[in-house]
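Trainee: What follows is each chain in one-letter form.
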Amino acid sequence: MRWMEESDDSIRRAILSGDKEAYKVLMARYTQVVFRVAYRITGNEADAEEAVQEVFLRGYQALGSFQGRSSLATWFYRIAANCALEVVGKRRPEAQSRIAEENDPEQSEVQLADIKAGPDRLLLSREIEARQQAAMSELTPTERTAFVLRHMEDRTTEEIAAALNIAPNAAKQAVFRAVQKLRRELAPLWVNT
Amino acid sequence: MKHLEEAELVEHYYEESANMGESERHLKACPVCAKRYAELCRDLDGVATTTPPARREDYVDEIWQSIHASLPVYEKPKSNWMRFYRPLGWAAACVLLVAVAFVAGRRWERKQAPSVAVAVDPQARQRVVIVVLGDHLDRSERLLVQLNHADGNDLPALPLRSEARELLASNRLVRQSAMQAGDLNVEGSLDRLERLLMELANEPDKLTEADLNRLRQEMNTDGLLFDIRVLRSRVHSPGLELQSAPTATKGVPI
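Those sequence lines, one after another, are chains D and F. Using numbering that gives the first Met the number 0, the first residue of the first sequence is number 0, and each one after it goes up by one. Using numbering that gives the first Met the number 0, the first residue of the second sequence is number 0, and each one after it goes up by one.
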């Protein structure tokens, strides 16, 4: 494709000049990143795919208002985070009930005891993952996104702030609150292991 | 020893602490904080970084197909060019306005220039002085002629006193001008004329023939009339330069 070697800004200008097909190049560049962020925030593939589709739809529509104050990557990050959070918001009641079922406080102790004694490490891994999912679902959208970007995407506070359109200090606080909540939720695992 | 806050420990974990070295030293020196930090590391390290499943090769095409129809084509450069040229249009209009104002100003200045030139040009100024002086001398001559030839019967009808008062003011100006120009002969003649005009202006309402005779004798009005005529002839002669060559009149018996 003729736009493959071009910069993001050149492609953006081409799109705004009427070359709709050029947007596919931007999609190819950022699909993996957008999907990864969406997946980490939503926690499942179907929701992540829905979010990705929404990200690129919104991205195209908002391309004319892109000011260039941040990179397109950061811009897509921001949209991805917002779209993923919206999808999570829509699915949340269902997800909560599912997680609550799997992590019933009374059952968890038993399960953990079994896991400790059991031979299959995969079960432990799945339990940790389920706990983590439950803990993540307790975070506010901002905290969740801030934590994902900080802990999993290894983004700096400034980048998180830009993605969430908040002040750096607020981004730092969001990460800290997320860490506190996660530790509180995951603490039983360490008690029983 | 002040222990590190949990927020500081989190910052240290993500290597975003403002004083990494200081917090590092503290963690080495403080077993309490070191233990808390080890627990934090254990907790956060335990939070698995989710690895998303790999995407299909045609995943981008899939998304493209799903959204392609919903994407409108951006209108070409019209809006961009308009956005680019609109400020330029305003700037050009401003420049044009300034240019028109400048040209109009210059034209107006040129129209005004001749009158200014007259005021500034020494030769033009001299011509004005000559005209004023000539007029003054003409009127003065007429007054002196009337004064020399008046008899007792004519006196009530002659406006000698009012004419003298009018000439007195202009004579002062002309005399001062001659004095500033260094034309002593002209200035001397005008000085004598001024004394006569002053006497005449201050005479009583009913001027008698005796008063006239006294004035004629005291002021030598015949001689003064001659001086004025000489001066007038010089003023009316072409090529006269009163101010530029004041010495030319020096020594000339007026």
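It is worth saying that the hints were derived from the structure and are not from the lab. Do not rely on the hints blindly, as some may be mistaken.
[As the list claims (entries may be wrong)] Derived list of chain F stretches under chain D, where covered just means 3 residues or more per stretch with a C-beta under 8 angstroms from a C-beta of chain D:
{"no.": "1", "segment": "40-54"}
{"no.": "2", "segment": "86-94"}
{"no.": "3", "segment": "183-189"}
[Stated by the list, open to error] Computed footprint of chain F on chain D; a stretch qualifies when at least three of its residues, placed anywhere within it, have a C-beta under 8 angstroms from a C-beta of chain F:
{"no.": "4", "segment": "15-29"}
{"no.": "5", "segment": "38-47"}
[Unchecked claim] From the derived model, a few chain F residues whose C-beta atoms are all more than 10 angstroms from chain D:
{"no.": "6", "residue": "Met19"}
{"no.": "7", "residue": "Lys75"}
{"no.": "8", "residue": "Arg138"}
{"no.": "9", "residue": "Leu157"}
{"no.": "10", "residue": "Ala200"}
Source: prediction; values computed, not measured. Ideal Cβ positions, reconstructed from N, Cα and C, are used throughout, including at glycine.
Trainee: Against each hint, give a clear statement of whether it holds in the structure.
Mentor: Hints and how they fare:
no. : hint    : result
1   : 40-54   : holds (count 11)
2   : 86-94   : violated (count 0)
3   : 183-189 : violated (count 0)
4   : 15-29   : holds (count 8)
5   : 38-47   : holds (count 5)
6   : Met19   : holds, 14 angstroms
7   : Lys75   : violated, 4 angstroms
8   : Arg138  : holds, 86 angstroms
9   : Leu157  : holds, 97 angstroms
10  : Ala200  : holds, 89 angstroms
Consistency with the previously given hints fails for numbers 2, 3, 7, ordered from lowest to highest.
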